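Asker: Sequence:
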Amino acid sequence: MSRSGPTGLYETKDGDLSLTVTSDEQWGRLSRALDAPNLLENPLFSDYVARTTNVEAARQEIQRLLGEFSLDDALERLEEFDVPCAPVRTAEQVMNDQHFWDRGSLLPMLNAAMGGPVEGVASGFPVKFSGGELPILPGAPTLGMHNKEIFEKFLGLSEEDLKKLAEENVI
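If you count the sequence shown from 1, position 51 lands on 50 in our numbering, and the numbers rise without skipping.
Read the hints as simulated data drawn from the structure, not as lab findings.
Keep in mind that this is a model prediction, so the values were computed, not measured.
PhoX-like mimics (lysine-lysine), calculated; alpha carbons at most 25 angstroms apart, straight line:
#1 Lys163 to Lys147
#2 Lys152 to Lys162
#3 Lys147 to Lys162
#4 Lys163 to Lys152
What follows is a set of in silico ranges between Cβ atoms, one per label pair, in the way DEER data are often shown:
#5 Gly131 to Glu10: 39 to 45 angstroms
#6 Val169 to Arg102: 44 to 50 angstroms
#7 Tyr47 to Ile149: 55 to 61 angstroms
#8 Ser157 to Val120: 41 to 47 angstroms
#9 Pro107 to Leu156: 34 to 40 angstroms
#10 Pro86 to Glu148: 44 to 50 angstroms
#11 Val120 to Glu10: 24 to 30 angstroms
Backbone N, C-alpha and C fix where the C-beta goes; we use that ideal spot for every residue, glycine too.
Use the sequences and the hints to build the structure in full.
Answerer: Below you can see the structure in the form of structure tokens.
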């Protein structure tokens, strides 16, 4: 049983959304956003403690109400009343959202063996800090890229040893 209030995923007529309502103030804004005074009048939901005790009933009532809205309408109303929410997106929707590319949350995949970008997408660092950017790393090393360093440093092989092993097609 959740003790964090009726937060989670909810279905609308044409898509899902994530909703976070943990305080009495947010609960009041949710009630106004959904034009549902019964959320405030019902003793099961009268305050935070009551809602966390009756979280499943609260979730069911929110679901009943949100099920009457399209995703866009629900998000518009919730955002208008400053209720923390977000649409649930598919991977394809995220990949096609220019905002994620502009912020560097999605990046073209890099591969040193290919000399640059390859077909694919890598996730960037999702958090942005003021005053600087994190470097974009070149991707995973190519197969055998560090062999010489490993053979010499960790196996103690000399340049001559490496030449001999290469001539014998060992490495």
